[in-house]
Structure formats: structure tokens, C-alpha cells
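Student: Each chain, letter by letter, is given below.
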Amino acid sequence: MKHIDSLVKKDLIYLGTSLKRLVLMAVVFSVFIPIGNVVYAFGVPAIMGYLLTYGVFAYEEKNKMNLLAISLPVKRSALCSAKYITSLIYIVSSVALTILGLIVSSYTPIESGFVNTPGFILNMVCMLLATALIYHACILPIIIYFGAIQVRYILFILYVGVFVMIGIFGEATIERGNSLAHINLMLDKGLNSISSLLILLVSLLVYMISYSIANGLYSRKEFR
Amino acid sequence: MDTIVFHQVKKSLGDFKLDIPSLNIKKGYITGFVGENGAGKTTTIKLILDMLIADEGKIQIFGMDTRKSSDSIKEEIGYVGETAGYPEESKIRAIKNMIAPFYKTWDEKLFTKYMQSFRINTDKKYGEFSSGQKKQFAIAMALAHRPKLILLDEPTTNLDPVVRNEILEMLMEHMQNEEVTVFYSTHITSDLERAADYIIYIKQGEILINQEREELLRNYSVVKGPKSLLDKAIKKYLLGYRQTSLGFEALLSDKKVAEQIFGAEVRYVTPTIEDIMLFLGQKEGVSTI
Numbered sequence: 001m002k003h004i005d006s007l008v009k010k011d012l013i014y015l016g017t018s019l020k021r022l023v024l025m026a027v028v029f030s031v032f033i034p035i036g037n038v039v040y041a042f043g044v045p046a047i048m049g050y051l052l053t054y055g056v057f058a059y060e061e062k063n064k065m066n067l068l069a070i071s072l073p074v075k076r077s078a079l080c081s082a083k084y085i086t087s088l089i090y091i092v093s094s095v096a097l098t099i100l101g102l103i104v105s106s107y108t109p110i111e112s113g114f115v116n117t118p119g120f121i122l123n124m125v126c127m128l129l130a131t132a133l134i135y136h137a138c139i140l141p142i143i144i145y146f147g148a149i150q151v152r153y154i155l156f157i158l159y160v161g162v163f164v165m166i167g168i169f170g171e172a173t174i175e176r177g178n179s180l181a182h183i184n185l186m187l188d189k190g191l192n193s194i195s196s197l198l199i200l201l202v203s204l205l206v207y208m209i210s211y212s213i214a215n216g217l218y219s220r221k222e223f224r
Numbered sequence: 001m002d003t004i005v006f007h008q009v010k011k012s013l014g015d016f017k018l019d020i021p022s023l024n025i026k027k028g029y030i031t032g033f034v035g036e037n038g039a040g041k042t043t044t045i046k047l048i049l050d051m052l053i054a055d056e057g058k059i060q061i062f063g064m065d066t067r068k069s070s071d072s073i074k075e076e077i078g079y080v081g082e083t084a085g086y087p088e089e090s091k092i093r094a095i096k097n098m099i100a101p102f103y104k105t106w107d108e109k110l111f112t113k114y115m116q117s118f119r120i121n122t123d124k125k126y127g128e129f130s131s132g133q134k135k136q137f138a139i140a141m142a143l144a145h146r147p148k149l150i151l152l153d154e155p156t157t158n159l160d161p162v163v164r165n166e167i168l169e170m171l172m173e174h175m176q177n178e179e180v181t182v183f184y185s186t187h188i189t190s191d192l193e194r195a196a197d198y199i200i201y202i203k204q205g206e207i208l209i210n211q212e213r214e215e216l217l218r219n220y221s222v223v224k225g226p227k228s229l230l231d232k233a234i235k236k237y238l239l240g241y242r243q244t245s246l247g248f249e250a251l252l253s254d255k256k257v258a259e260q261i262f263g264a265e266v267r268y269v270t271p272t273i274e275d276i277m278l279f280l281g282q283k284e285g286v287s288t289i
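Sequences listed follow chains A and B, in order.
For what it's worth, this note's numbering labels the leading residue of the first sequence as 1, then goes sequentially.
For what it's worth, this note's numbering labels the leading residue of the second sequence as 1, then goes sequentially.
Heads up, a few of these hints could be off.
Restricting the straight-line Cα-Cα distance to at most 27 Å, the calculated cross-link-like pairs of lysine-lysine (DSS-like) are [what the hints assert, rightly or not]:
no., chain 1, residue 1, chain 2, residue 2
1, B, Lys203, A, Lys9
2, B, Lys235, A, Lys9
3, B, Lys224, A, Lys20
4, A, Lys9, B, Lys104
5, A, Lys75, B, Lys68
6, B, Lys104, A, Lys2
7, A, Lys62, B, Lys232
8, B, Lys232, A, Lys64
9, B, Lys10, A, Lys75
10, A, Lys9, B, Lys236
11, B, Lys255, A, Lys64
12, B, Lys255, B, Lys235
13, A, Lys20, B, Lys236
14, B, Lys232, A, Lys2
15, B, Lys91, B, Lys68
16, B, Lys125, B, Lys68
17, B, Lys10, A, Lys221
18, B, Lys17, A, Lys64
19, A, Lys62, B, Lys148
20, A, Lys75, B, Lys58
21, B, Lys134, B, Lys91
22, B, Lys236, B, Lys203
23, A, Lys221, A, Lys75
24, A, Lys221, B, Lys17
25, B, Lys10, A, Lys20
26, B, Lys68, A, Lys9
27, A, Lys2, B, Lys148
28, A, Lys75, B, Lys255
29, B, Lys224, A, Lys64
30, B, Lys124, A, Lys75
31, B, Lys68, A, Lys64
32, A, Lys221, A, Lys64
33, A, Lys64, B, Lys91
34, A, Lys221, B, Lys124
35, A, Lys2, B, Lys91
36, B, Lys235, A, Lys64
37, A, Lys62, B, Lys236
38, A, Lys64, B, Lys256
39, A, Lys2, B, Lys236
40, B, Lys134, A, Lys62
I should point out that these hints are in silico values taken from the structure, not numbers from a laboratory.
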């Protein structure tokens, strides 16, 4: 499809010029949140989704940039594709930053539960990507159909909900006194590389199904 | 040849209903689209741009259906809305670099020429410019890819007369060099007195007038006379009227009919587009006594 690259670039320019603070916050959260407890890494997709994906949509709507986008000579499906590709860029970047932060922290005395082995990292990457893909697969059609500003409270509740769940789960692992052994067991032993990759594939499929739903919604969307 | 053709288009937005059974916008001319706020001007333009989807009917531009070929159609459209939608924090050059790749026919020299003539520094941020310069930039962006159709939705609202004049001059100059159709929605009718070839008047979602401007101003007439002439039988011929303590003023669509009705008892004045808009807006008649 024509111009998807230009549309993605357009969103990234918005981020780089108008939403720098959000990018900085997203980077800081991606790197530092999981350092104390590897479980918290699973909250990063929610942060990325809320800060960047929702942030750009809301910024565009507030400043009527969505009208500029729809007036450009591109198909509606290209506009939708560009949003999904941009979200993928955020997801991959944040997972890379999170893993980088965890690897660096593994050389410090901080106990996060992270095990610096290729198997653990592969499983961790797959699980983070899967969480992020599924989270975005849920929020993107909602934003596209209803508009970011209209559903801000629902997205905020989803965002907080993810964090509360992860917080509870993370605290529970610590309270058990087994120093995150539970998570380690799941990521290091409970999951082998094949099952991790399978989960990742399923989440990719969910993301693609979400794209096809969003595409259908976008083709009938009205820009008032 | 017509650039825009509406076929039985209907659109409902809440209580508002737009109903355009037929509308043809002629190629190579400036068509002024007037009507009060909420009459349906922006809705019509958004339907043309495929921002809104008609409940019934279809719109063709350059012979193509707006729902099926919106990307090809928009390649040939230069659109300026009330808000441009450019990021305030971005530099003019960055915005240009962001938008230009979407158009095969982008003319960098023409863009530079406009930036120079409007004294817009492309290294400054968009948000640093006045509202007039922002609008000039938006119009330059719309023209720099040499569109065949220019859609202007209230482009001069809130601008001072000097900037409005510069924008109109720019449009007129552009039209002299290009074979372009302009669809110009505004409620500042003085802009159209100078520039428009055709006038379309819309009220409550329905098109009441679609005529050549000169013909419109030649045929329509404002009559001014004593109140005693304004009886029920006469009111049915009037498109709109208003009464003052001194007499009445009324609009008729045919000067000859007006002369037959009133003879020499009233004064006949050629209306402005604003007069037509005001009288049609007050169809039931108003009293300013």
C-alpha cells in the first residue's frame, strides 16, 4: 500500500517534535520499572500503549490532525495499517529497552529475578511481545472506532487495571519469600523456547485479527 | 464538464439533515458556497473529502466515486479547512517534508515562491506564526502540489482584511496559471463578490440557490418602499423581507416580476451576495420596529 512509510514517519515526527516528554517518559519507564522486579516488565506494554499509542491518537484528535491525515491522498486502510505498524515500532522498541535495562541491572546487586541466560531472555522477549501485542490488539480497535478522547476513561481504567494486576502479582512473588523463583521457574523452566514462540505467534495472530477488525471499523469511520 | 457531481446525496447528523438531490460544480471556475453557520457547508465539504459517509447517494469528482477512489481523487485536491491540523511545535520545513511525499506533483519551486512572497521563514516553528501567516502557509501547502480542485472551508475566518486580500490575490493568480476549479465555502460574502463565478446558497441542509454570480445579481432585486404595499398577496412573491419604522425592504428573485408587482412605487436596488444571504436567512420576514 502506498504511503504507509510516510504515514508512520508522520506519527514519529509528532512524537519527536510535539510529544517529546511522552517519549522520554516511555523510555524511562521501559528501562527502569522492571529493574526492581522482573514481573513489572509486563506492565511496560500498558505504559507504551497509554503513553504513545493513545498519546498520539489523542494529540491528533485534539489538534484536528486526524482531519489532516484523512485529507491526504491515502486509502483509509493505509491510515489504519500505519497505526498498527507504528504501534509495533513502539512495542519492539520498548521490549528492547526493557531487556537492555534488565541485562544491565543483572550486573548490579539489585535483585529483580532476571536471569541473564539466552533461554530466559528469549522467553522473556516472547512473553513481553505477546503481552504487548495482545494489549494493543485490544485498545487499537476501541480507539479507532470511538476516538481516543471519547474512550480516555476506559483506556485509563485498562491501563491502571493492568498495573494493579501486575503489582499484586509482583508483590505476591516477593511475599512468598522465594525471591521471584516462581517467575523464574515459569520463564526459565516452565516455558521452553518452542512454547514461548508459539505464544508469540498466537499473539501475532490476535494482533492481525485486531487489525482486520480495526480496518473494517476505519473504513466506516466518520471524521466530524 | 463538471468537476464535482452530487447524485441524490443524503446525510443525517443528529437532528441535522443534508439533502442534495443534484449539484454540479463546473470545471475551471470559482464557486462560492455560502450559508449561515450550521447550514451544512462543512458537512458538504467533508462528504466530498470522504471524511463523512453519505447515508444515500454518491458523489463523483473527476468522474470517480469518492468512496471508491478517494486516494486518487485527493491526489488532485488542495484542501484548506478552518483548522490546518499542523503540529504547533514543528518547523515549517519539517511539516512540508512530512506532507510533500504524499503528492506526486509536489512543486518545490512553487512552494518556495509562496514562502518568499508571504515572508514565511521555514526554519521557524509553525506555532510561532500569526493566524494569518498560518493560513497563508496552509494555502501554500494546498496549492504547491498543483491540485485540479481546491476546496476551501472558511479559509479567511478571523483574518484581517489585508491578509484576506493577500490570500484572494494568491488564489486569483494561481487560477490564471492553472486550470483549476475552486469550491469556496465562506460566510464572508465580500470575498465572493470579487472572486466567485458561481454562487451556491445552502440553508438548513438544502441548496436554495445555484446560479452564475452575475446572473444572480442581475436577476435578483431588493425593493425598498412604504409598508402599506406589504400585504399578504404580495408577501408570497418575496424571498425574504424586513420592516422598519420607515418602510420595508424585500428580496425578489426576478427583477421583472418585481417591477410588475410594485411598478414605480418602490426603489429597486441591485443586491449584494450578503443581502441575498440575509434575506433568505429571514424568509419569514422580520420586523425591526
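Student: Run every hint past the structure and note whether it holds.
Tutor: Okay, the hints, checked on the actual structure:
1. B:Lys203 with A:Lys9: Status violated; Cα separation ~41 Å.
2. B:Lys235 with A:Lys9: violated, 61 Å
3. B:Lys224 with A:Lys20: Not satisfied, since the Cα-Cα distance of roughly 63 Å exceeds 27 Å.
4. A:Lys9 with B:Lys104: holds, 17 Å
5. A:Lys75 with B:Lys68: holds, 9 Å
6. B:Lys104 with A:Lys2: holds, 12 Å
7. A:Lys62 with B:Lys232: The hint is violated at about 51 Å.
8. B:Lys232 with A:Lys64: violated, 49 Å
9. B:Lys10 with A:Lys75: holds, 23 Å
10. A:Lys9 with B:Lys236: violated, 60 Å
11. B:Lys255 with A:Lys64: violated, 45 Å
12. B:Lys255 with B:Lys235: Between Lys255 (chain B) and Lys235 (chain B) the Cα gap is close to 15 Å, so the pair holds against 27 Å.
13. A:Lys20 with B:Lys236: Violated, at about 64 Å.
14. B:Lys232 with A:Lys2: Roughly 63 Å between the alpha carbons, so the hint for Lys232 (chain B) and Lys2 (chain A) is violated.
15. B:Lys91 with B:Lys68: Judged against 27 Å, a Cα distance of about 34 Å means the pair is violated.
16. B:Lys125 with B:Lys68: The hint is violated at about 37 Å.
17. B:Lys10 with A:Lys221: Holds, at roughly 17 Å.
18. B:Lys17 with A:Lys64: This hinted pair holds, its Cα atoms lying about 24 Å apart.
19. A:Lys62 with B:Lys148: violated, 30 Å
20. A:Lys75 with B:Lys58: holds, 18 Å
21. B:Lys134 with B:Lys91: Holds: Lys134 (chain B) and Lys91 (chain B) sit about 12 Å apart, inside 27 Å.
22. B:Lys236 with B:Lys203: holds, 19 Å
23. A:Lys221 with A:Lys75: Holds, at about 13 Å.
24. A:Lys221 with B:Lys17: holds, 19 Å
25. B:Lys10 with A:Lys20: Violated - the C-alpha atoms of Lys20 (chain A) and Lys10 (chain B) are around 43 Å apart, more than 27 Å.
26. B:Lys68 with A:Lys9: Holds, at roughly 26 Å.
27. A:Lys2 with B:Lys148: Holds - the C-alpha atoms of Lys148 (chain B) and Lys2 (chain A) are around 21 Å apart, at most 27 Å.
28. A:Lys75 with B:Lys255: violated, 49 Å
29. B:Lys224 with A:Lys64: Violated: Lys224 (chain B) and Lys64 (chain A) sit about 46 Å apart, past 27 Å.
30. B:Lys124 with A:Lys75: At roughly 31 Å apart (the allowed maximum being 27 Å), Lys75 (chain A) and Lys124 (chain B) break the hint.
31. B:Lys68 with A:Lys64: Roughly 24 Å between the alpha carbons, so the hint for Lys68 (chain B) and Lys64 (chain A) holds.
32. A:Lys221 with A:Lys64: Within the cut-off at roughly 15 Å; holds.
33. A:Lys64 with B:Lys91: Since the Cα atoms of Lys64 (chain A) and Lys91 (chain B) sit roughly 18 Å apart, the hinted pair holds (cutoff 27 Å).
34. A:Lys221 with B:Lys124: violated, 35 Å
35. A:Lys2 with B:Lys91: holds, 25 Å
36. B:Lys235 with A:Lys64: Violated: Lys235 (chain B) and Lys64 (chain A) sit about 45 Å apart, past 27 Å.
37. A:Lys62 with B:Lys236: The given pair, whose Cα atoms are some 48 Å apart, is violated under the 27 Å limit.
38. A:Lys64 with B:Lys256: This hinted pair is violated, its Cα atoms lying about 49 Å apart.
39. A:Lys2 with B:Lys236: violated, 57 Å
40. B:Lys134 with A:Lys62: Measuring from Cα to Cα gives roughly 18 Å; hence the hint holds.
Checked against the numbered hints above, the structure violates hints 1, 2, 3, 7, 8, 10, 11, 13, 14, 15, 16, 19, 25, 28, 29, 30, 34, 36, 37, 38 and 39; every other hint is satisfied.
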